[in-house]
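Engineer: Residue numbers (numbering that gives the first Met the number 0), protein chains in the order written: chain A, 0 to 337; chain B, 0 to 221.
Keep in mind the hints are simulated off the structure, nothing from the lab.
Hints may contain errors.
Said to hold, decoys possible - Derived SDA-like pairs: lysine to any residue, alpha-carbon spacing no greater than 25 Å straight-line: (1) B:K129 with B:G139; (2) B:K45 with A:A39; (3) B:K129 with B:K45; (4) B:K154 with A:L216.
Claimed, not checked - Covered stretches of chain B (chain A as the covering partner; in silico rule of three or more C-beta atoms under 8 Å from a C-beta of chain A): (5) 4 to 17; (6) 97 to 104.
To be verified - A few chain A residues that don't get close to chain B, going by computed Cβ distances all over 12 Å: (7) D106; (8) N235; (9) V243; (10) N250; (11) Y252; (12) L276; (13) A291.
We put the CB at the ideal spot given by N, CA and C, even for glycine.
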Amino acid sequence: MKPVRPNRAAAADRTPPAARPQGAVQSKSRLGDRFDAWMAHHSTTAIDSLLRLLRTPLQSLMTWLVVAIAVALPAVLYIALTNIQNIGYSWQDSSQISVFLNKQVSDSQAEELRRRWANRADIAQVTYVSPATALEEFKTASGLGDVVDSLDENPLPGVLLVQPGLAGSTPAGLAALEQVLRQEPLVTDVRIDMQWVQRLHQFMAVAQRVVMALAGLLALGVILVIGNTIRLAIENRRDEILVVKLVGGTNAYVRRPFLYTGLWYGLGGGLLALVLLAIGLGWLGGPVAHLADLYQSSFRLQGLGFIHSLQLVLLAGITGLLGAWIAVGRHLSHIEPH
Amino acid sequence: MIRFDNVSKRYASGHEALTRVDFEVERGEMVFLTGHSGAGKSTLMKLIMLMERPTQGQVFVDGRNLNRLSSGQIPYYRRNVGVVFQNHQLLFDRSVFDNVALPLQIAGNTPAETGRRVRAALDKVGLLDKEQQNPIVLSGGEQQRVGIARAVVNKPSVLLADEPTGNLDPELSAEIMNLFRQFNEVGVTIMIASHDLELLKRMNKRVLGLSHGQVAHDGVLW
Chain A
0 MKPVRPNRAA AADRTPPAAR PQGAVQSKSR LGDRFDAWMA HHSTTAIDSL LRLLRTPLQS
60 LMTWLVVAIA VALPAVLYIA LTNIQNIGYS WQDSSQISVF LNKQVSDSQA EELRRRWANR
120 ADIAQVTYVS PATALEEFKT ASGLGDVVDS LDENPLPGVL LVQPGLAGST PAGLAALEQV
180 LRQEPLVTDV RIDMQWVQRL HQFMAVAQRV VMALAGLLAL GVILVIGNTI RLAIENRRDE
240 ILVVKLVGGT NAYVRRPFLY TGLWYGLGGG LLALVLLAIG LGWLGGPVAH LADLYQSSFR
300 LQGLGFIHSL QLVLLAGITG LLGAWIAVGR HLSHIEPH
Chain B
0 MIRFDNVSKR YASGHEALTR VDFEVERGEM VFLTGHSGAG KSTLMKLIML MERPTQGQVF
60 VDGRNLNRLS SGQIPYYRRN VGVVFQNHQL LFDRSVFDNV ALPLQIAGNT PAETGRRVRA
120 ALDKVGLLDK EQQNPIVLSG GEQQRVGIAR AVVNKPSVLL ADEPTGNLDP ELSAEIMNLF
180 RQFNEVGVTI MIASHDLELL KRMNKRVLGL SHGQVAHDGV LW
């Protein structure tokens, strides 16, 4: 059989090979073209898969909400922890020992004791709060002025506020100092606020691990949910995948739209989680500020901040991508033209 | 262009679809493949498309031994082989234009180049005015022509067609065959599976007759 020569007239759409420039320049520019086309396919696939999600808004919103809730839960706990930590730090700064004196101790006795203690190496500063001053403070702070006025005698003892020095700020030093202060006959009770703060820190260390474990579990949940959603999307587009494979689509080409879909589910869920958090913080912020004011604290609820918000959304996006990747790896290879 | 060298294909079920098949199709030739159903026509086409691998023997297309192609190379190989299916395999979620553009987009052509070549292909099959329609509203013959446009749009050197006129009346069949003949005239190697003997006689081309997985006839039908 003799090969038939190409008939140019009948092949108006077939560019003659000679029309193409030859040589290295050509291959370079064609490589550039290929790269451009590859980039173009990425952006069109990204946009297409997003539009595809928006075309079924209710269905997509459900997946986004599931992801958002799974992301928001550990984020809420994280925010709660950092806020509690902030309270802890502000108390730790003013870590001091409150030494309650015997009711019979006079102001001059207390003043003498204050001077003696102030000379100790392990004490930085001692402040004396007389029963009268304490009562005045209580009257203004509590707003119970009338009730206090009606009392026959001042129920409050004198207090020495001891600020430990450098030697007294270690747990062991603090315990030793506490023993010394307690042995003073004029003293009825010694309270160290530090203990409370230390316990809080221990509690926080445990809580932080719990939050991390919970976040890990919920991330696994997100991966499974998105993986399952992508599996359904792959089933729905089975015909298209077959045709694409038959006309020479590589696995990467077939994979791409599904990976973008997973990414959009993750990113959308992350953004929605931020919205949920903002609503929650707005809702709680007012009452918390009011509560803090009552306790004479300038404490305010702190949100995630810009960087952490960005990290949260990106992390959600990566989790979504991972879920899609696993689903695609498991299910796409089974769809081969037969 | 297409060479089968002692090719056998036995499926996992134990059914032997092809037994020691030898033939060669020259570059630019137009060949018909015929035989009763189950004679191995589809299997033979699937071997050329690399949808199946032979259990024995070798298949060469354009001088390349298909046994040596890794699964990663298959997509690039398929871009040089156009396929027309009996059931068209068109996608009804997009326009005629986008259906035909698919192979070009996959091969990484620029949108401008894609548009130009899709219109040229649609013009060739006479459907340029239908490019924005959904293929579901087209008639069977028109759908088949869209399938042909998609198969030839990236100028493959080999064109395979599996019962392309199976569902069409004789007049439309002749029209479709005429299209294939035109592509063959510009140098495309074409292999068409068909059991329509009247059509094969009219076309007056080389016919490979398969029977029970073996080549029983090779030559023009009278």
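Engineer: Hint by hint, note whether the structure agrees.
Structural biologist: Structure-based check of each hint:
Distance hint between B:K129 and B:G139 is fulfilled; the C-alpha atoms sit about 14 Å from each other, no more than 25 Å. Our distance criterion of 25 Å between C-alpha atoms is broken by B:K45 and A:A39, whose separation comes to about 32 Å. Using a Cα cut-off of 25 Å, the hinted pair B:K129 and B:K45 is violated, with the two alpha carbons roughly 31 Å apart. Distance hint between B:K154 and A:L216 is unfulfilled; the C-alpha atoms sit about 52 Å from each other, more than 25 Å.
Coverage of a stretch by a chain is defined here by at least three residues with a beta carbon nearer than 8 Å to that chain's beta carbons; for the segment 4 to 17 of chain B and chain A the count is 0, and the condition is violated. With 3 residues bearing a CB less than 8 Å from a CB of chain A, the segment 97 to 104 of chain B meets the requirement of three and the coverage assertion stands. For A:D106, the non-interface assignment is confirmed: its Cβ lies about 90 Å from the closest Cβ of chain B, beyond the 12 Å cut-off. Against chain B, the non-interface label of A:N235 is violated: not every CB pair exceeds 12 Å, the least being about 10 Å.
For A:V243, the condition that its CB be more than 12 Å from all CB atoms of chain B is violated, with the nearest at approximately 7 Å. For A:N250, the condition that its CB be more than 12 Å from all CB atoms of chain B is violated, with the nearest at approximately 8 Å. The claim that A:Y252 lies off the interface is violated: its Cβ sits roughly 6 Å from the closest Cβ of chain B, which falls inside the 12 Å cut-off. For A:L276, the requirement that its beta carbon stay farther than 12 Å from each beta carbon of chain B is met, with the minimum near 37 Å.
Here A:A291 stays apart from chain B, with its beta-carbon at least about 57 Å from theirs, past the 12 Å limit.
Checked against the numbered hints listed earlier, the structure breaks hints 2, 3, 4, 5, 8, 9, 10, 11; every other hint is satisfied.
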